[in-house]
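Peer 1: This is what each chain is made of:
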Amino acid sequence: MSEEEKQESFLKRLGRSTKDFLYGMAGHDMTRFALKTRGSMEHLFILITMGDLLGIPILPPYYSLRLLPYVVPQISTWKRRMLRERDLTDALA
Amino acid sequence: MSLAQVFKEHPNRRYIEFGGKGGLGKTTFSAATAYWLAKGGYKVLVFSVDPQASLSDIFERDIFGQGAVEIMPNLFAQEIDADRHIKDYQDEIRQKIIDMYGFDEIPEEIENYIQAAAAEPAMEESAIFDAVVDIVVGGEYDYYIYDLVPLGHALYYLSMASVYDEWIGKITSLREEMQEYAQVAALLERDKESEEDQILAELQDIKQRINTSSSILTDREKTAFFFVVTPEEMIILDTLKAAKLFAKYQVPISGYIVNRVIPPELADQEIPEYLQHRIEMQKTYLAQIDETFGEEVLTQVPEFERDITGLEMIGKVADALFGGEA
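Chains as they are written, first to last, in the working numbering: chain A, 1 to 93; chain B, 1 to 326.
Just so you know, these hints were derived from the structure itself, not from any lab. No false leads were mixed into what you were given.
The following label-pair restraints were derived from C-beta to C-beta distances: (1) B:Gln66 / A:Lys36: 49 to 57 Å; (2) B:Gln204 / A:Ser17: 38 to 46 Å; (3) B:Gln66 / A:Thr77: 41 to 49 Å; (4) A:His28 / B:Gly65: 52 to 60 Å; (5) A:Lys6 / B:Asp205: 52 to 60 Å; (6) A:Lys36 / B:Glu105: 32 to 40 Å; (7) A:Leu11 / B:Glu105: 50 to 58 Å; (8) B:Lys222 / A:Arg81: 42 to 50 Å; (9) A:Ser17 / B:Lys87: 58 to 66 Å; (10) B:Gly65 / A:Arg81: 41 to 49 Å; (11) B:Asp205 / A:Glu8: 49 to 57 Å; (12) A:Arg81 / B:Tyr42: 56 to 64 Å; (13) B:Asp134 / A:His28: 43 to 51 Å; (14) B:Ala116 / A:Arg81: 18 to 26 Å.
The structure presented is a predicted model; accordingly, all values stated were derived computationally and were not measured. Using N, Cα and C, we set each Cβ at its ideal position, and we do this for glycine too.
Please construct the entire structure, taking both the sequences and the accompanying hints into account.
Peer 2: Take a look at the structure:
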């Protein structure tokens, strides 16, 4: 590797690290927040459409069935979250 | 104005509905109108959503759950089998889950839900509603004749569209908001593109179907709704009430048809007192109908000497209904 190439790759690495550093400082939390909100809403959405799975009658079930295939993977985490006991530490999460 | 004239003057009204209390002749008039239009060269579908549908009886053929069956050239009839529709729909959902995730079989919890959903009281109505949407948006026929269920029930169907519309509208906006959050996260993480939300796409599809069908069925330009009445006090009162309720759902009422009128010529013949009284009574109520509904009364159809079943009798009713004009 020539001296020039070495320098270029060093600069590239430095640039990437700076970008990651800045993302970690400023962006990461925002991303986490956005994803967390998205996750909560996902569970709210499943509750509204598939509430029957928890014994909450939700009308009308006909079109809920059409959405069922898309939420199959989320159902177990959703049920766990909806039915778990809550305590003070939840407020810190 | 006669019924035939109404059809001629509004050639864009391609969705025809007959409503009224049970047993007044909705199915008979649906079949007769279909017959008249088919003879006139139009491709017509007459369909019923009533689980106790009588199209099979009137056409003297078992058509229940068999899709659109050709009765005579240009005339098709269909009786929707809600149970079958639900079963097919459930199978479709199961297959989709299996295809999407490569399962060998549906997880127990999911299977239980699919089965429980089918037992919901509203499921049958919803399935019927969806089947009607399929028929109405299909657009294969020149005319669609909707043999409605009796009054109270018909209102329920009509209101279903608005209930669904509201429900779908709400969850669609929630889903859209979720999509925004996902996009923000994707943007911050510099992902090139966020995944397309399939649920949102599905919701928008459902919403569009419901809107299309409900807009057709309440559009004065495209739809005609006729009330069937008979010259009897209770029927007149009930019809008045129903007309008010229907107006609330923007059902475009296009006129009233009086059925079961005893031919007044009979009065000049030697007839028993019993029949004379009936004719007198009908006369009073016919006057009342004229007074109440005025010019909206399109035609009177006589009481026939026998049951209306089979194409020959249907043809006779069609003549009475449309005055023999083709």
